[in-house]
Each structure stands twice: as C-alpha cells, then as structure tokens.
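One rule links them: number in the working numbering = place in the sequence shown (from 1) + 104.
Read the hints as simulated data drawn from the structure, not as lab findings. Everything numeric in this text was worked out from a predicted model, so none of it was measured. Keep in mind that the hints are not guaranteed to be accurate.
What the hints assert, rightly or not - Taking lysine-lysine pairs in the DSBU-like style, the calculated list, with each CA pair at most 35 Å apart, reads: (1) K167 to K207; (2) K169 to K274; (3) K117 to K167; (4) K312 to K242; (5) K312 to K176; (6) K242 to K107; (7) K132 to K189; (8) K132 to K167; (9) K242 to K206; (10) K169 to K206; (11) K189 to K270; (12) K312 to K167; (13) K117 to K312; (14) K172 to K207.
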Amino acid sequence: MDKRILIPTDFSKNALNAIRYAIDLYAKLHCDFYFLNVFSVETYTNTNLIMPDEDSEVFIRAKEKSEKNFLKLLESLAAHGDNFKHNFFTISTYNFLSEAIKKIIADKDIELVVMGTHGASGSKGTLMGSNTVMAMEKIRECPVMAIPSEYSFSPPREIVFPTDYKDSFKRSELRYLMEIAKMHQANIAILHLNKSMELSQLQQDNKKLLHAILSEAEHDFHILPERNLAKGIQSFVTERNSDIIAFINHKHIFFSSVFSKPLVKAIGYDSTIPILALH
Numbered sequence: 105m106d107k108r109i110l111i112p113t114d115f116s117k118n119a120l121n122a123i124r125y126a127i128d129l130y131a132k133l134h135c136d137f138y139f140l141n142v143f144s145v146e147t148y149t150n151t152n153l154i155m156p157d158e159d160s161e162v163f164i165r166a167k168e169k170s171e172k173n174f175l176k177l178l179e180s181l182a183a184h185g186d187n188f189k190h191n192f193f194t195i196s197t198y199n200f201l202s203e204a205i206k207k208i209i210a211d212k213d214i215e216l217v218v219m220g221t222h223g224a225s226g227s228k229g230t231l232m233g234s235n236t237v238m239a240m241e242k243i244r245e246c247p248v249m250a251i252p253s254e255y256s257f258s259p260p261r262e263i264v265f266p267t268d269y270k271d272s273f274k275r276s277e278l279r280y281l282m283e284i285a286k287m288h289q290a291n292i293a294i295l296h297l298n299k300s301m302e303l304s305q306l307q308q309d310n311k312k313l314l315h316a317i318l319s320e321a322e323h324d325f326h327i328l329p330e331r332n333l334a335k336g337i338q339s340f341v342t343e344r345n346s347d348i349i350a351f352i353n354h355k356h357i358f359f360s361s362v363f364s365k366p367l368v369k370a371i372g373y374d375s376t377i378p379i380l381a382l383h
C-alpha cells in the first residue's frame with residue numbers, strides 16, 4: 105500500500121519548498137501526496153465561528169482561486185520531473201487548519217504531515233510560531249515534520265535524536281525515524297540531554313531498549329553537557345552538519361521543555377534543518 109503524506113500549503117515559496125523536500129525524501133517509495141489548502145473568504149476568517157454559505161459568490165470565488173493555484177502547483181511539480189511512484193491529490197477547504205488536518209488524517213489514513221516553517225508573508229516565525237507548532241503539539245495521530253524555508257534537500261546522512269532516557273521507547277513511535285534512516289543509510293546520533301552525567305537504572309534500561317529497537321539502523325550515542333538544551337542541540341547539529349532533528353513528543357513533556365516559546369525561537373524559528381516530531 106502506498107505511503108500517505110499530507111502537506112498543507114498556502115502556495116508560498118516556503119510551502120513549495122516543503123513539498124519538494126517531502127517528494128525528494130520519499131523518492132524511493134510509492135506515495136500518495138495530499139496537498140491541503142485552507143482558504144479564506146472575504147468578511148470571514150478561520151477564527152470566525154460562523155461558516156460562510158458554500159453557495160455564496162464569495163465562497164465559490166475563493167474556492168476557485170484555491171483550485172487554480174493547485175493547477176499551477178501541479179504544473180510546477182511536473183516541470184521538475186515526474187516520479188511514477190508518486191500520486192498527487194489536492195484538497196481545497198474552508199475550516200480551522202487543525203480541524204482540516206485531523207479530518208484528512210482520519211479520512212485518508214495519513215501517515216505523515218509535512219509543513220513549511222514560514223507562511224506566505226515570509227516574516228520570520230509566522231508559521232512556525234503558530235500553525236507548525238500547533239501541528240507538532242496537537243496532531244497526535246501521526247508524525248509531523250517542519251521544513252525550514254531555505255533548506256535545500258540533500259539525502260540525510262545524520263539524524264539527531266535528543267532524549268533523556270526517562271521514558272520507555274516503543275517500536276511504533278520510532279517507525280518513521282527508522283524508515284528514513286534505513287532508506288537513506290543515515291546514522292542516528294542519539295543525544296543524551298540529561299544534565300546529570302549519571303544514568304539511573306531506569307535510564308540505563310531505556311537506553312538498552314532504544315539500542316535494541318534501532319539495531320537495524322546505524323546509530324551511536326552522545327552526551328550533551330550543555331545546560332541550555334536548545335543551545336546544546338543547535339551547537340551539536342552545527343558542529344556535525346547534521347540533517348534532521350527528530351524527537352518523540354511524549355504527552356507534551358519533551359515538547360513543553362524543549363519547544364517552549366523561548367526554545368522554539370532558538371530551535372524552531374531559526375532552525376536550519378528539518379525537525380521531525382514523532383508520536
């Protein structure tokens with residue numbers, strides 16, 4: 105069965121970059137890509153609880169504009185080459201973005217959501233600070249990947265996986281990390297984030313479990329002495345020229361500590377490499 109990937113788009117350059125990254129990342133696999141545009145209607149906003157009449161002229165005009173933009177998008181993708189393993193589908197809808205994403209995940213059995221980090225305005229942090237962070241935090245049904253606006257695809261050679269070993273690991277949570285690593289023969293650099301150099305018995309057991317789960321992929325272990333987690337991760341990534349940061353979003357615990365607002369600015373807003381939130 106084809107892999108199913110959802111990519112929200114506002115037809116910006118940044119959103120197009122995220123689409124191309126996902127297409128290249130999964131070039132070897134049979135995939136169904138669903139492109140989602142949540143359009144707006146004049147005099148209405150997506151925060152307005154009153155839904156516009158779908159038969160109204162403004163609604164029809166807004167939807168037609170979205171669909172025309174999709175035609176241009178598909179033409180642009182076709183101009184950059186055709187992969188017979190990939191199928192493209194477009195969805196134009198008026199809804200709250202989070203609700204639209206969740207509905208499509210359920211309806212199409214989506215396995216991965218990919219988003220750009222900035223919106224059409226191009227202002228720094230616009231999308232990563234709201235929609236992408238929202239998706240990473242609220243979308244629990246499947247992994248979410250954020251792609252920096254200026255990041256050009258190259259086959260990943262190293263994926264940084266920060267952890268404090270305090271939570272047990274499940275194979276299902278690490279499925280997509282393993283998939284990407286094996287697909288591109290990438291190494292998984294496991295980064296110990298605990299401020300204490302000593303591991304408790306629980307942490308040692310979880311480290312052994314992680315080692316066993318990742319046995320089919322190249323991986324190694326590293327210790328991060330830096331007290332500031334965001335700064336430490338960024339310096340590790342920069343020094344080693346890593347390609348992806350992946351983490352497990354355990355019930356918001358890791359997200360709230362590493363991706364709280366100040367750290368989102370440090371890692372998310374200014375990230376130079378993709379970030380993958382696993383569930």
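Results of checking the hints against the structure:
no.: 1; hint: K167 to K207; in the structure: 18 Å, holds
no.: 2; hint: K169 to K274; in the structure: 44 Å, violated
no.: 3; hint: K117 to K167; in the structure: 20 Å, holds
no.: 4; hint: K312 to K242; in the structure: 30 Å, holds
no.: 5; hint: K312 to K176; in the structure: 50 Å, violated
no.: 6; hint: K242 to K107; in the structure: 22 Å, holds
no.: 7; hint: K132 to K189; in the structure: 8 Å, holds
no.: 8; hint: K132 to K167; in the structure: 33 Å, holds
no.: 9; hint: K242 to K206; in the structure: 9 Å, holds
no.: 10; hint: K169 to K206; in the structure: 23 Å, holds
no.: 11; hint: K189 to K270; in the structure: 40 Å, violated
no.: 12; hint: K312 to K167; in the structure: 52 Å, violated
no.: 13; hint: K117 to K312; in the structure: 43 Å, violated
no.: 14; hint: K172 to K207; in the structure: 23 Å, holds
Going down the numbered hints, you'll see the structure goes against 2, 5, 11, 12, 13, while the others check out.
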